[in-house]
Amino acid sequence: MIPNSVDTTANILALRVSTLLPPLLSMQRSSWEQGSAAQALLECHRFQPSVLPNVLNYIYGLVHDSIVRQGPDGRLAVLLNGDGSSDSGAVDPACIGESLYYLLHMSAKYPGLLSEQDCVLLDDRVTWMLTFIIDKCPRAQVPESSTSSKDALFSHRTDALQIWSDTVYMLSPFLASSSVFYAHPNRSSTRFGPQDLLEMSLRQILLASTILQSSSGEWSHTFDLDKGVFQRKAYWGVGNGWVCGGIARVLKTLAEAIEADDSIADVLLNHANLNLIQDCYNTLRKTLDANLHHIRSDGLFHDVLDDKESFVETNLSQQLSYTLFRLLDLHSYSSSRVLERLRLPLLKPTTVIEWEGKASLMREAAMCKTDDWGFVRDVCGSPRFDKAGTAAEGQAWAILMEVARAEYMTHKEVHTTSIA
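For the sequence shown, the residue numbers in the working numbering are -7 to 412.
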């Protein structure tokens, strides 16, 4: 019998998602916001489909419209009022890519879920998105790096050579999910090697860190690769949250792939990629530690982490709470096979207690910012993200945080009951 505490966790999640979702779906969304919304619902469905009735329908709908609005260059969800040139994001459109792979995976698992026509369409369109990244995305060599193409950093934009902290979330999880997709024995590709895709995913994180991450761990927001200068050197809180969430998603993608089919790990995890995974994990830990150093007593952060004159905002608390719950779950309740394959260190009991406390504090702070309409208030707000307000990404992160917490608490409660 499932413990009552698990039922309570599921009920809390269902209530929170049903509160947060209407504003999210009512908001106008740019390409990365469409992807963020889809990802929130994807993680909800992957954990517990019953939490939200017809959740797969929502995912399909978001994916469908990203395809309807796919640009002539392959970028998803960029046709708003023209030919796509008004959306200059090079990697933002990749944010929804994992959702396309997820639907294809679910269709293979449950034949008939999607029509044959839909399967062909999704496969073609996500491949088109991936081809844009590989072949057309602007890029530049990292200063003082080798001249190898592997040391080229993809630009966040099409109209300028810039690396943003946001890029870590928009691009690397997409590349990691594509590597898992093509590592499956029934989905081999002569064009895209799964090991190479995973290496690219991990290298992009580490290359970005060499430019944007400070010695103390915080990330600056944007750097102009063409001019060799910072566009915005400030430690933007939400940008640091994109970094943490992006790396956490890559780790979870790999952990779930290993859990489902250990042979996929044999394809992906060569010696070089294992070393890169360890480096990315260490980068995440360093970023987390630096960010948490700036937490306020109320569980919130200033928009610019080290600038107490900047406004206090909500979204970074959601992003870091999500990340901590994901790491706690990964370390505490993954199989020994996953931990050994990914070479993840054991967490000290004191670290578990500290992370649980801070994740819960930040979540409570964000919940207090949720109004009766379901809007999370005082996030770094649309449309210019220069003041406290509301934003689709703030709603999506609230759902992501709730799902990550519920998944961790459910595993913890089941584990505690099993040994009682």
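In short, the hints are calculated from the structure, not lab data. It is possible that some hints are incorrect.
As a list, the in silico DSS-like pairs of lysine-lysine whose alpha-carbon atoms are at most 27 angstroms apart [as the list claims (entries may be wrong)]: (1) Lys142 / Lys128; (2) Lys278 / Lys128; (3) Lys300 / Lys404; (4) Lys101 / Lys142; (5) Lys350 / Lys300; (6) Lys225 / Lys340.
Note that the coordinates shown come from a computational prediction; the quantities given were computed from them, not determined experimentally.
Checked hints:
Taking the CA atoms of lysine 142 and lysine 128, the gap is near 15 angstroms; set against the 27 angstroms cutoff, the hint holds. Simply put, lysine 278 and lysine 128 have alpha-carbon atoms about 32 angstroms apart, too far for the 27 angstroms limit, and the pair is violated. With a C-alpha separation of about 37 angstroms, the suggested pair lysine 300 and lysine 404 falls outside the 27 angstroms cut-off, and the hint is violated. At most 27 angstroms may separate the alpha-carbon atoms for a hinted pair to count; lysine 101 and lysine 142 exceed this at roughly 34 angstroms.
For the hint pairing lysine 350 with lysine 300, the CA-to-CA distance comes to about 20 angstroms; that is within 27 angstroms, so the pair holds. Between the alpha carbons of lysine 225 and lysine 340 the distance comes to roughly 34 angstroms, so the proposed pair goes past 27 angstroms and is violated.
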